[in-house]
Amino acid sequence: MQDKREFSWSVIFIWVALFSVGLIAIYSATQGPVSQFLPSFILENFFRQSLWISISLVVLIVIQFIPPRTFQEGAYLFYIISIILMIITLFFGAEVSGSRSWLRIGPMNFQTGEITKIATLLAAASYLTNRRDISSENLKTALVTVLIFAIPAILLVMQNEAGVAIVYLGILPVVLFWSGLPYGISALMVSPAFIAYFTILDWRLGIIAALIATLVIFLLQRRVWLTVTSFVFGALVIIGAEVALNQVLQPHQRARIESFANPSLDPLGAGWNVLQAKTAIGSGGFQGKGFMEGTQTQLRFLPEQWTDFIFCVVGEEFGFLGASTLIILFSLLFLKLLSMAASHKHPFAQLMIVSVTFLYFTHFIINIGSATALLPIIGIPLPFISYGGSAFLTNTILLAICLNLDYNKRSLSIYR
Amino acid sequence: MSNEQRSKSSIRVLQVIIIGGLLIMLGRIFHLQILDYETYSPLSMQNSLRMEVVNPARGLIYDRHGTIIVENQPIYTIIITPSLLDLENLSLLADLLQLDEEIVYNRILEAQEYSWQRTSRLFTEVSFEVFSNIQENLWQLPGIGHIIESKRNYPSNILASHINGYLSEANREEYLRSDHLRLGDKIGRSGLEMIYEDYIRGEKGTSYISVNAFGQALGSYDNGSLNVTPTKGADLITTLDADLQALAEILMENKQGGLVAIDPHTGGILSIVSAPQFDLHKLAGRMDQSYWQELNSNPNTPLYNRAISSRQPPGSTFKPFMGLVGLHLGLVTPEWELYNPGYYVRGRRYNDLADPGNYNLHKSIQKSSNTYFFWMMERIASRGLLNRWSSMIKDFGMGPISQVDLPFERAGIVPDSTYMNNTFGERRWGLGDLISLGVGQGMVSVSPLQMAVATASLANGGYRIQPHVVSAIRHADGEIQYTNPEINKIEWIQPDHLEIIKEAMKAALLDGGSNYYGAIPGIEIAGKTGTAQNPQGESHGWFIAFAPADDPQIAVAVLMENSGFGSVSATPIASLLIEQYLTGTTTRQHIYNHVINFLPEHGTSE
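Going down the list, the protein sequences come from chains Y and L.
Just so you know, the first sequence maps onto residues 1 to 416 in the numbering used here.
Just so you know, the second sequence maps onto residues 1 to 606 in the numbering used here.
Calculated from the structure, these hints are not laboratory results.
Be aware that a few hints might be false.
Said to hold, decoys possible - Counterexamples of contact, computed for chain Y against chain L with all Cβ distances above 10 Å:
id	residue
1	T70
2	W178
3	F218
4	Q221
5	Q250
6	T357
7	I368
What the hints assert, rightly or not - Not everything, but these chain L residues come out facing chain Y in the computed CB check (under 10 Å):
id	residue
8	L26
9	P42
10	R64
11	I68
12	W139
13	L218
Built from N, CA and C at the ideal position, the CB exists for glycine as well.
Work out the full structure, taking the sequences as your base and the hints as a guide.
Given below as structure tokens:
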């Protein structure tokens with residue numbers, strides 16, 4: 001064992017800070033004056049979360065004693081097992097509020113999709129570590145990587161957890177980019193998300209986004225075929241988005257998607273949530289209304305305020321001071337992890353740490369983006385903050401793996 | 001590009017992405033929390049605050065002894081805001097309301113049609129059980145609310161429908177014009193409720209209430225520091241005697257007509273009944289629409305207040321007043337006699353049903369002989385005293401409206417030359433149109449209230465009283481405002497003349513039918529019957545009286561439509577009322593039964 005001072009205590013500090021903010025927010029959102037309007041099982045959330053944090057702490061410590069090579073070597077087996085578990089869940093899982101994503105084993109309930117996150121990241125990192133020649137000429141490796149992500153993503157969609165599947169779409173380009181996918185193609189991979197986003201706002205903005213994307217890709221990689229592909233792709237995304245919005249989706253579904261930009265389209269459905277969320281955050285002002293004093297939170301105007309909309313609780317009760325502190329804490333975590341990856345010599349560890357970072361980052365952007373009406377409402381939790389045992393444990397395990405790999409960076413052979 | 005270089009540049013790109021994300025999110029919350037704070041802060045206040053108008057309690061109405069006649073009763077109302085309602089809860093809602101889903105659904109559709117956003121009443125006057133069921137389950141019923149309202153209740157055994165009056169919702173024009181009325185507010189439409197509306201309405205308060213996303217009220221905001229408490233409406237203390245009114249209502253059941261009993265010294269109305277009455281209970285709260293339709297289409301017009309709006313010739317009850325005028329004008333002396341052959345002839349023959357013989361004033365009133373008064377009226381007309389006569393009769397309170405504190409009073413007619421000219425044309429009228437005025441027939445017409453006021457002036461020694469129902473208004477702060485109506489001496493009435501008339505009216509009660517139906521053992525009554533000719537059918541019976549004759553406490557005028565002679569129909573009612581008022585009870589069961597079983601010919605010519 002090495003000097004314990006080389007352990008990244010700062011990451012642990014941020015982890016403790018984040019779950020403390022989470023516990024405070026969950027406490028306010030479920031134990032405050034609002035508790036009288038909540039069903040009893042929600043009231044237990046604070047205690048359950050505390051319990052899960054304790055369990056996670058133990059797991060985090062235990063993982064530090066696992067030989068670092070185990071993660072890479074066991075990755076495929078773990079991946080296959082977790083995919084099988086997801087398939088089992090699809091057929092035999094318990095249905096909770098419309099999603100069949102929970103597997104019940106004895107007294108334990110867990111979301112198999114969460115375990116699959118760990119497995120998928122490990123598997124992708126492991127696969128890419130052994131193939132370092134991703135290039136625009138040889139896209140086979142990239143396609144296999146896409147497949148590694150696509151299988152769990154499709155299973156998640158089948159489990160009715162499309163929101164979680166989107167996270168994979170967020171990590172995939174980063175992982176490929178890190179593994180050497182050329183800048184231009186990487187940009188091409190992320191461009192549809194931006195083009196679609198601006199198309200939802202306004203199709204003219206979509207066209208502008210597509211043109212800018214094409215220009216950027218051309219500047220990054222002066223290949224005619226890529227530029228043309230990018231342009232055609234962009235146009236297809238715009239047309240597809242417009243057709244989906246106007247032809248395929250029912251008006252109320254369309255309203256649900258568009259309501260983040262214009263809540264009045266669906267004022268009592270998704271628009272209501274958007275409006276209440278914005279009102280909660282906005283009315284927090286600079287200092288916030290105070291712990292358990294937020295009217296939007298305590299009077300139950302916020303939907304899912306202990307999970308998907310927990311950022312609103314922080315924003316309302318602790319104001320700009322609290323919310324910006326939280327955002328900066330997250331950013332410090334991300335930047336710290338990135339520097340870990342940068343200082344590491346082993347590509348598996350680098351890839352793993354980068355993909356974990358961007359798994360958190362995707363959650364962070366989508367969750368806070370939804371709560372602040374920058375993005376359509378996609379119900380995914382804020383890592384370490386939102387209530388949810390499986391997710392907390394999963395995120396902690398991923399963090400623990402990163403810490404393990406970082407701590408053992410010298411013992412990992414630089415030979416691959 | 002080496003792997004090393006690529007790795008370094010990739011890290012840069014990813015760092016830029018993360019810092020970009022950080023800046024976007026910080027910028028976003030800065031925008032929402034700092035720049036748009038002024039937009040969202042009031043929004044969250046509005047969200048969690050609801051300003052409710054607190055309706056004041058409407059003032060109560062009491063009788064002269066402090067018996068409550070009109071009070072308020074809480075009613076439970078379930079309200080709905082259609083936009084917040086989740087129709088998935090329909091079956092739960094129907095269950096709690098103990099109604100069929102279909103009925104509830106139809107009501108919801110109605111409410112949606114009225115307004116999606118505005119709250120309206122889903123069901124009013126639900127039982128307390130339903131109310132508390134809903135209250136307990138409000139949290140799972142977004143869009144549903146509950147309020148306690150009040151409706152008028154009439155706890156005593158009297159209806160007094162024409163006195164109290166009913167309430168109904170203010171119409172669009174009314175609530176738009178007024179700054180104290182809102183949609184759904186009720187205002188007095190008749191009776192005291194209408195006349196004293198501004199007093200008994202009270203002043204609305206406001207209350208700020210914290211609410212949650214389901215619209216559930218959570219208690220007052222900021223300990224109620226912003227609340228304005230409503231001011232209770234003023235109570236009305238009336239001059240009514242509830243026991244007397246109760247008896248009068250029983251006696252007038254199944255009849256048509258009006259009666260007024262009045263305190264001759266103050267003008268306070270002791271009892272006022274217009275028959276048929278209507279049932280205020282059915283118009284309070286949720287108005288019984290079929291009953292309302294029936295009231296409006298009923299040919300006997302129950303909503304019409306006959307006691308103050310009916311216009312009928314006073315018939316022979318007019319004679320005592322003619323006597324006072326004749327004495328004062330010097331047309332007759334108490335001793336002067338006139339022979340009655342059974343008729344009076346001037347241009348045509350006027351019948352006199354009294355036995356032929358010599359009649360002085362006393363006897364003419366006692367026996368209700370017409371000849372004497374035909375003669376007197378001819379003198380008045382031929383000496384050009386018509387206008388003088390008219391103004392003297394009006395001094396008694398006949399003719400112009402009395403300005404009693406009840407709505408829809410109608411003036412009677414006491415003709416003068418202007419009136420005759422207007423009616424018949426200049427110089428197109430003559431003696432023949434005037435002679436029957438002497439016996440209270442022809443053009444002259446009065447309401448029971450006017451006759452009661454006139455009778456009171458005989459009883460109180462020649463004072464014109466102002467009839468009124470409300471003697472005092474008790475404001476919410478305890479201050480009592482007395483109405484203090486004026487009492488004016490009728491200057492020309494001489495006490496010795498009045499004495500002659502009173503003696504004659506006392507004697508009239510000792511005679512024939514009036515004696516049987518009118519006399520009360522131990523109480524001396526002064527009274528006069530009358531019969532108003534009704535061109536459409538059976539005559540209307542009149543009776544005026546005051547008692548005790550030498551120390552009058554009560555003056556009564558009774559008009560019974562289509563009931564023939566007043567002595568049979570109107571006299572016993574007045575007599576029973578006087579006995580009730582003076583002794584607190586009625587002893588003559590046979591008279592009581594006679595009145596109860598007396599059936600006038602209803603309707604008009606048919």
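Tested hints:
no.	hint	verdict
1	T70	holds (24 Å)
2	W178	violated (6 Å)
3	F218	holds (18 Å)
4	Q221	holds (12 Å)
5	Q250	holds (18 Å)
6	T357	violated (8 Å)
7	I368	violated (5 Å)
8	L26	holds (6 Å)
9	P42	holds (8 Å)
10	R64	violated (52 Å)
11	I68	violated (40 Å)
12	W139	holds (6 Å)
13	L218	holds (7 Å)
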